[in-house]
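Protein chains in written order, with the working numbering: chain A, 481 to 822; chain B, 481 to 822; chain C, 481 to 822; chain D, 481 to 822.
Any given hint could turn out to be false.
Which copy? The list can't say, so a pair holds if one copy fits it or any two copies do.
Computed cross-link-like contacts, DMTMM-like style, restricted to lysine to aspartate or glutamate with a CA-CA straight-line distance of at most 20 Å [as the list claims (entries may be wrong)]:
hint : residue 1 : residue 2
1    : K482      : D598
2    : K642      : E764
3    : K789      : E691
Calculated directly from the structure, the hints in this document are not laboratory data.
Protein chains: 4
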Amino acid sequence: MKAVRLHEYNKFPVVDEVPEPTVQGPLDVIVKIGGAGVCRTDLHIMLGQWDGRMHPTLPYTIGHENAGWVHEVGSAVTNVAVGDTVILHPQPSCGLCRACRAGNDMHCVNAFFPGLSDNDGGMAEYMRTTARACVRLNPDTQPKDVAALADAGITAYHAVRKTIPLLYPGTACAVIGAGGLGHIGIQCLAALTAAKIIVVDRNPDALKLAEQLGANHTVVADGNQVEAVKDLTDGAGADVVLDFVAEEGAENEGFAMTARAGSYFVIGYGGQVEIPTLDIVSTERNIIGNIVGTYNDLAELMVLAQAGKVTLHTKTYPLDAAVDAVADLDAGRVRGRAILVP
Amino acid sequence: MKAVRLHEYNKFPVVDEVPEPTVQGPLDVIVKIGGAGVCRTDLHIMLGQWDGRMHPTLPYTIGHENAGWVHEVGSAVTNVAVGDTVILHPQPSCGLCRACRAGNDMHCVNAFFPGLSDNDGGMAEYMRTTARACVRLNPDTQPKDVAALADAGITAYHAVRKTIPLLYPGTACAVIGAGGLGHIGIQCLAALTAAKIIVVDRNPDALKLAEQLGANHTVVADGNQVEAVKDLTDGAGADVVLDFVAEEGAENEGFAMTARAGSYFVIGYGGQVEIPTLDIVSTERNIIGNIVGTYNDLAELMVLAQAGKVTLHTKTYPLDAAVDAVADLDAGRVRGRAILVP
Amino acid sequence: MKAVRLHEYNKFPVVDEVPEPTVQGPLDVIVKIGGAGVCRTDLHIMLGQWDGRMHPTLPYTIGHENAGWVHEVGSAVTNVAVGDTVILHPQPSCGLCRACRAGNDMHCVNAFFPGLSDNDGGMAEYMRTTARACVRLNPDTQPKDVAALADAGITAYHAVRKTIPLLYPGTACAVIGAGGLGHIGIQCLAALTAAKIIVVDRNPDALKLAEQLGANHTVVADGNQVEAVKDLTDGAGADVVLDFVAEEGAENEGFAMTARAGSYFVIGYGGQVEIPTLDIVSTERNIIGNIVGTYNDLAELMVLAQAGKVTLHTKTYPLDAAVDAVADLDAGRVRGRAILVP
Amino acid sequence: MKAVRLHEYNKFPVVDEVPEPTVQGPLDVIVKIGGAGVCRTDLHIMLGQWDGRMHPTLPYTIGHENAGWVHEVGSAVTNVAVGDTVILHPQPSCGLCRACRAGNDMHCVNAFFPGLSDNDGGMAEYMRTTARACVRLNPDTQPKDVAALADAGITAYHAVRKTIPLLYPGTACAVIGAGGLGHIGIQCLAALTAAKIIVVDRNPDALKLAEQLGANHTVVADGNQVEAVKDLTDGAGADVVLDFVAEEGAENEGFAMTARAGSYFVIGYGGQVEIPTLDIVSTERNIIGNIVGTYNDLAELMVLAQAGKVTLHTKTYPLDAAVDAVADLDAGRVRGRAILVP
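The shape of chain A in the complex, shown without the other chains (with noise of 0.2 Å):
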């Protein structure tokens, strides 16, 4: 089968000719790959900024945002049959230690992220995961529709289903960031909350989406972003803030926009938080980290996107053509979601 495989670090990866993957334990499932989602973490991978996390052993296959149909499963598996249609866990999990039996999928003690550590991904034709990866969809699902809420879209459902609690009718959430996690965040908060919604961003068209999604007012980030919010609160700042970005600043930003006895959710990163422990005190303001989500998280999302109140902005391309999506996608070209179609 064919499969994008990474061979060097700071090189183009390439589609090769490799064999099929077979079921290997008793809970694994060999997926048929109907959509890839192409996702800014594939390209610092192929930077080599994960290899001192995962040292996966080149050459290997990414790609971390898939759905397809079941083509083979393992003598215990009970939850899928050949045939189904799914989307994929990012994050196969043991279903054996305390995280998993409390439900916390993502902090499973033994979890695997194919296309990241060391274990194959799904740009290819065919991929390995386990039984515990897999959702079933509705039959009549495209999987290259879905795909990249595999990844960008439970890590945004995740975090905006810890704030439902905070974000009662009357207050106010802050979105820094309305790009591929943020446009899904939007959508989540409008779905699952009456809060009003304040997205901030540098780029207008991506605010002019943000509007069309669901968001209550826009602001442009361009260095009065935090004032811009307080005077749309009252004062106050935003009850909750969601951030997307948490770098070059945005990261002290969010939490100047958080109101008194608010939380700041960091999800985006690369920046550093610096606050004095007084202005975390005096105010009691909580920040608060944010991971992929769970696998019912994954359940939840599709049910909004099955019912059309998430979706997506996707463009598609052959898997011959991975390279050119990755291109794009590193140039700024792709508008919404790349996706590969073998």
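Given the coordinates of chain A, assemble chains B, C and D onto it according to the supplied hints.
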């Protein structure tokens, strides 16, 4: 009456003869002081460090940890009567704003803070507060025995109460600082959770006391405390860290000894957290701000105190010896809490 | 002024000329009534059904769903000023008991209920309430448009707000009764959750309205409603059931249509639950009591109303026609809610 | 091997010689039994009372409270190894359904219940279970000392854990029934809350034990127990009632002794709640169903047990004397819990 008043920053306060306070509004309460705690914050006030935030008009009476007996009540006061023994929430609140209506007195938009804001405090024979600040006690409670719970106690209790859902059996809680607040926090943890309690302090004597109060393990803060806490938690770190110091590096060590998916509670202040957003995100850790507690927090803490589950070490001084008490505190000569008794 | 007073049980009330109410305590507020809802509870009061619980001294003024403008305030009132447009929480609370201090106004041990307890209500030109009952509205809000939210609305909202953590995407909520409270509850569910909403009612017209307000499915209560709800939920039953009827058998059908690990919310009353403890235990289902909401619940509901997310169908009557309004309600001739406008 | 098998309803079980169980699936675990609790449910099984629900094929081996040592594991088992000391969750779960993925093992749609459903239980030398049922213990734990925590213990702990947010200092918890489950529940309450514990039982000896285990007050159930509980709570009733009996009238008395805004937890069964919806609504009380706990509940309970915070009274019998144990239990001759030791 006598009152301990600050006339000038960077000088000791003076015991003056001043008029007794009088009821001015229908919800006012005049309290005959039975005990007034001397707090490190009083030293900060004397150094002028709170002037920029609170702008009190000098001279004024300090003292924000107060208990005593009701002496006179305004026309609309219904919750206490003359003669009742009371401990006073440090921050009288309006009862009408959103925060008050949700029980979050400490975020009242109209609150004041006698002895800290531009209002006379309790190092005096009498003090004016309001009905909403009065927690009624058993008549046989001695105000001098509990006064320090009014600020140090309520703050420690408030933070511990927030940790309860996180500290199920099998978890570990690290406590940084076993001083005024910390030694109350340890007792609250032991009374309200079954978590493993690990106490970190520079002072071996404080650690001995911590063991008597419920600590399961103690760690001398000698530079290797992060590793020591990890060693005591199978390498994972503590699920919750309560940092009663939060300065001189403790604030970043505190985050470093927090486990994946754990929460670092900031209670002390003075330092600055400096943490890459990648570290927050990749482990989904939280930084939780904490301030003085609610009225109900103080009422609950008094239940623990009256049941003997939280006790205080105190050293009493007559009101005339207020300067001695302040000087002893400043010189590190007070074991436990200094209490002025008019 | 004119006031609608009940002189004798089992007779219609009378529009009397009475003195205007006056400020009696420092927290009192006199409100010029702009709209007073006529509620089925008023019919129950007229039949003497509340006499045994509330013991009002006849004659007295009924009316417990009130909105208007502040006319006069007591000396300690700080949250509203003369001329403010306000809606009134039906149960003024003390602000000093444990329940009030936790935000649970409806469990205040000192509360009263004008128009129901021995205090004059709002079917009059002016009414006396207290500062703690006043929610300030946008000046351009018409009191007659929102008055019915003061009791029917807050009760429905309070129950729905408690269901939010249970109603994540993929869950189903059954609503029994799409009348006065139910049609508000449906709108709140649609605004605050992404659950599938199934509405059960005997009246096909009510079900048509329910569909317009956000119901995903409707079920005519023809004796097969339990099976119908199970059919719409893959045999499982609804994760949450909101029962606005709770009499004439609805209360036991409501429990029967609740899913394993689900919760049956009782809001209406009149019937009796009769359930084997084995059925409760073996499926771990809950029966949740619900009463009028908190002050903050009412404030939050007004945010939804002012955003157009919750709307009311009303029919207005002049105060002089109060008997017509009551008779129309009793005869089933009122579509939506009857509102008296002085 | 020897196994205690039921051949016919309404007759004693028989100690048979049967083949040892073998690994059949990749997640299977064979456990060498070290202790098997004898439970009242075993008496109900012998009387055929569970036949209509569970339909086991006779003869089969009973015993659902089991602990021992891992004897053999299937190919995909990673959480335990041969030789490990383990206690067994009574209901092996699939790990793949929504409930399992949220940590709610007891609502697994594919679970079975060895010794109760059509699967051999643990009154035998060996037993087959699955990886997901095994909680690993300290190697020095004696299985016979903890076996009864596997069902009686986990059920009591699960209910108590749900009460923790309700039982802040100053609240009261009434416990109805200080027998097998109740005496564990009392210890869990004392370990995890600072609530006032009031224990109600017909048996003065059980009440004496309750006092030793942490009860603050005891009440003989002599017909006046509702009033007695109200007297001990200033007339309010208990904020939480844990009913381990829930039959013969206890179920309605339990609700009657629950305070306004309180919660009545049903754990025992046999009776029928009969409560007017007006009583539920006007006081906003809840009736909370409870079933066996989660895997993590059992793991947490074992932490309490290994710390000495929960202890069991047991009487051991050799496996050959199983009929004696059953007969002693039936005749009320067992103090604490009867444990079979192969």
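The hints, checked one at a time:
no. : hint        : result
1   : K482 / D598 : within (19 Å within a copy, 48 Å between copies)
2   : K642 / E764 : both (18 Å within a copy, 12 Å between copies)
3   : K789 / E691 : both (15 Å within a copy, 18 Å between copies)
Every hint, counting from the list given before, is met by this structure.
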